[in-house]
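Generate coordinates for the entire structure from the input sequences, incorporating the hints supplied.
The listed protein sequences derive, respectively, from chains A and B. So that you can map any letter, position 558 of the first sequence is 558 in the working numbering, and since no number is skipped, the others follow by simple counting. So that you can map any letter, position 11 of the second sequence is 11 in the working numbering, and since no number is skipped, the others follow by simple counting.
Just so you know, these hints were derived from the structure itself, not from any lab. Just so it is clear, CB atoms sit at the ideal spot from N, CA and C, and this is done for glycine as well. Certain hints may be false.
[As the list claims (entries may be wrong)] List time: in silico DSS-like cross-link candidates among lysine-lysine, alpha-carbon distance up to 25 Å: (1) A:Lys556 x A:Lys512; (2) A:Lys271 x A:Lys317; (3) B:Lys86 x A:Lys424; (4) A:Lys447 x A:Lys433; (5) A:Lys429 x A:Lys556; (6) A:Lys587 x A:Lys467; (7) A:Lys424 x B:Lys166; (8) A:Lys317 x A:Lys263; (9) A:Lys263 x A:Lys332; (10) A:Lys429 x B:Lys76; (11) A:Lys296 x A:Lys281; (12) B:Lys181 x B:Lys192; (13) A:Lys424 x B:Lys192; (14) B:Lys134 x B:Lys56; (15) A:Lys433 x A:Lys407; (16) A:Lys375 x A:Lys296; (17) B:Lys86 x A:Lys429; (18) A:Lys467 x A:Lys447; (19) A:Lys317 x A:Lys332; (20) A:Lys326 x A:Lys344; (21) A:Lys512 x B:Lys76; (22) B:Lys134 x A:Lys512; (23) A:Lys587 x A:Lys640; (24) A:Lys429 x B:Lys56.
[Unchecked claim] Which chain A residues stay away from chain B? Per the calculated CB distances, all over 10 Å, these: (25) Pro227; (26) Glu506; (27) Arg538.
Here is what each chain is made of, one letter per residue.
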Amino acid sequence: MSENQGAGCRVQGAGDDGTPGTRHPAPGTRRVGVFVCHCGSNIGGVVDCPAVAEYASGLRDVAVAKANMYTCSTVGQEEIKKQVKEHGLDRILVASCTPRLHEPTFRRVAEEAGVNPYLVHMVNLREQCSWVHAADHATATEKAKDLVRMGVARIRRLEPLSARELGVERRVLVIGGGIAGIQASLDLAAQGIGVVLVERTPSIGGRMAQLDKTFPTGDCAICVLAPKMVEVLHTPGIRLLTYTEVREVSGFAGNFDVRLERKSRYVDEDKCVGCGACSEKCPVSVPNEFDESMGKRKAIYVPFPQAAPLKYTLDSKNCIHFKTGKCGLCKKVCPVGAVDFDMKPEEVRLRVGAVIVATGFDPYVPHIRGYYGYKEYPNVITALELERLINASGPTRGEVLRPSDGKTPRRIAFAQCVGSRNWKSTSNKYCSKVCCMYTMKLAQLLKEHYSDMSVSVYYIDIRAAGKGFEEFYHKVRSVGGVEYIRGRPARVLEDPATHNLTIRAEETLLNKITEREYDLLVLSIGMDPPEGIENLQRLLGISRSPDGFFQEVHPKLRPVDTARDGIFIAGCAQGPKDIPDTVAQAKAAASSAAAMLVRGKVTVEPLTAFVDEALCEGCGLCVTVCPYGAPRIVDTKEGKRSRVEEALCHGCGTCAASCPRLAIACRGFSDEQLASEAAEAFGGGADEEAR
Amino acid sequence: MTPGGAPEAQKKRSTENGSSDAKSAEGGPLIVEDSVFTGAEHDPDFVKQIIRYGGKDVQTCLQCGNCTGVCPVSLKTPYKTRNLIKLCQYGYKRIFFTIPWICAGCHRCHEHCPADINPAEVFVAIRHIEVREKGVPRFIRDSTALILRHGFGAIPSDDIKRYREKEGMPPLPNTLPGYRKVLSELEALFRKTRFTELIGLETGEGAAGERKARERGGEASK
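As structure tokens, then:
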């Protein structure tokens, strides 16, 4: 309060001897223009803006001070330019809203007026003054004066800086070959940007390839996906690397250095023609992961008929040759000599300008947590397993057969929210978003395939928000005749003789406990973050949200950007979503990456940290604390020293604050600049003495 | 469950609407309008009160009914766990007095609850609230008296004796004469923890205390 009173006295003084609006200090000193913004009534309704401007005009080095209605408007901007010309200003202080909103605007105005854009400073009179002191106009005005005085102290010490521009590599690394990765790759290639599409399994296609039909339209999933997969193979701008993992990503936006490992598939991709002779002769039969282990594959295999590329892969874990050194039938029968037992993993190094992470999801596995007798009772299966059963290219050629006896079930129940919406540590808290809809789709398909089958759905809430979704729900209930039971299954008991299942649940809308018998129980499982996401997160240096998926910078306005420039996310890597949302995000990520690369260069902000090597002892604390991996320790003639890679630095100041030797400083936020501001706040400023 | 404990609200409503004129032959109202919740029975602080007494936030309940499905009491009585939690959410405090004592405290509901609420603990919290606001309910006092007298909270009925005979089980032993020492220890414990004071039972004061207990026990068995 004493500072405020002090400031009040000085206003009085300024009013007495200074001419309001304009003041010309002695030549050779700095010439600051102060622009106090009313922001309509946002600031002007609380703070006496003309009084603040008048006060500012009395401060040291202030050449002119004005109050405007909207400084950010065209009129306000022109006013700044006019004052720069008239008073020969070399620094511009805008007292208005947060710099997060309009700092770029005023930097641009400065540049257009011939003032170095880094000699612009913003004082926040809105979020930090008028909005929080709306009840006390007089004190708010005093605080505004204090803030402006602090700002002037700071701006007097700012140094001109210039942004650097660096060239970019016009190529994008897309991680993950599901529908998101495929769509992003195609969109980038269509804009003439090179793409390296990396997939860790033997084929692209991802989870969408496993599905039978898609909701709510009932399109065949593989029929709409396969043409895109083929397009990927035949687009010259896309280099497809399947059975490949990302091992290292370093560098910065525009220039990432990437190290990949091509795992050995023991089949020469260039030679293999996909005839399948090897697989036919292979004597080993193991569960096929693509069929969710409902079907079998050989030890040398393609996961599904439409696989792209149609190149065989040898699974060395299950191969007799790798276990005993015998067999080798596949090698003998291969007409082109593609099988190579001595193949070694291959390292690929390349440089890319941007990275799109489209790593998708893993289905929730209920047996780890012993859900409803899954993997204990044969007739409890997951919805993804049912997808494979009902799929014409699946292990049963599209026939839905009970695992226990191979008969067609007559009574099927679905249990919703398995592994989702559960606050116990064994499950996910979030709603997986797609399960309500895919259950409707599967129920509809079952009814179409087997008209006499009864289908019941145990649900807690039905979430059918989407284009055509509620209409689909209506159709499934009316035409489909699917029975919806509101209640979470409480117990599932199996009759050991028939393997039929009895579900006990409260039908909450009836307030009654019911027990009903079914032939098959389908668990509508949710989505988990994919296996290995922690490792990839570490490699990329991006963050994840509490749900385990990758975190976007802003949930609404920057949905596919990560905190690390040049790295984008798309599809289920960011969180559970359906195919239309995934494709939309893939297109958004491709567009964001392209926007950066088409320009041909990236601007590097000069507001970065730098190391005074004379003071640095190379302790490495800065390396530990930096969230962006910008500083690193290098060997110099004088010993170990820290160096900050400016293109990686975000100017957050963590390293500068933590450096025990005070060897690191941030441009635009030097100790002197900040201390002068603080000194003004507490009335001990040099400027005050100078007056 | 029908909300039956709102006679005042019922009276008020029926006179307001003039429907008290319409009487059946027995004198009861023909049209029962009090099945409409008006909000008058709503206690907005109930949810917070439950938390204060150790229960979790019932507002996070999804009403999935899993608790009811696994509850041994819900299976055999008209009280459904989920429904009681819903009434907690609604703040229908009045109906709760005496009902939560029916919970056997097996905690199965907690084990299955996806919202991680633990209805059993909620009912314990409501018991605390009831004891503080209304005192210990009569049947608890009665059964305490029985425990001090016979060592049982409830005297085995003739039905149980018959079932045991039918199943070829030996008759229940009469615990009283053999376990006098245990009963006096139990009584000391009740007194030491001031439980006897809480339930308003002056036990152990010679023959008078025993007689009182016997009287109460007799009332309870009626």
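Q: Take a quick look at whether B:Lys134 and B:Lys56 sit within 25 Å of each other, Cα to Cα.
A: Satisfied, since the Cα-Cα distance of roughly 22 Å is no more than 25 Å.
Q. Within 25 Å, alpha carbon to alpha carbon, are A:Lys429 and B:Lys56?
A. Holds, at roughly 17 Å.
Q.
Between the alpha carbons of A:Lys447 and A:Lys433, is the straight-line distance 25 Å or under?
A. Holds: A:Lys447 and A:Lys433 sit about 23 Å apart, inside 25 Å.
Q) Keeping to a limit of 25 Å between CA atoms, is the pair of A:Lys326 and A:Lys344 held or broken? A) 20 Å, holds
Q) Does A:Lys512 lie within 25 Å of A:Lys556 when you go C-alpha to C-alpha? A) 43 Å, violated
Q. Regarding the pair A:Lys429 and B:Lys76, is the alpha-carbon distance no greater than 25 Å?
A. Given that 25 Å is the threshold and the Cα spacing comes to 32 Å, the pair is violated.
(Q) Run the distance test for A:Lys317 versus A:Lys332: straight-line Cα separation, threshold 25 Å. (A) 20 Å, holds
Q.
Against the 25 Å threshold, does the CA-CA distance of A:Lys317 and A:Lys263 hold or violate the hint?
A. Holds, because 13 Å separates the two Cα atoms, which is no more than 25 Å.
Q) Would the pair A:Lys429 and A:Lys556 pass a check requiring their Cα atoms to be no farther apart than 25 Å? A) 21 Å, holds
Q: Measure nothing beyond the straight line between the CA atoms of A:Lys271 and A:Lys317; if it is 25 Å or shorter, mark the hint as holding.
A: 23 Å, holds
Q.
So if I understand the rule, the pair passes when the alpha-carbon distance is 25 Å or less; does A:Lys587 with A:Lys467 pass?
A. 19 Å, holds
Q: With a cut-off of 25 Å on the C-alpha distance, tell me whether A:Lys433 and A:Lys407 pass.
A: 32 Å, violated
When each numbered hint is compared with the structure, violations occur for hints 1, 7, 10, 13, 15, 22, 23, 26.
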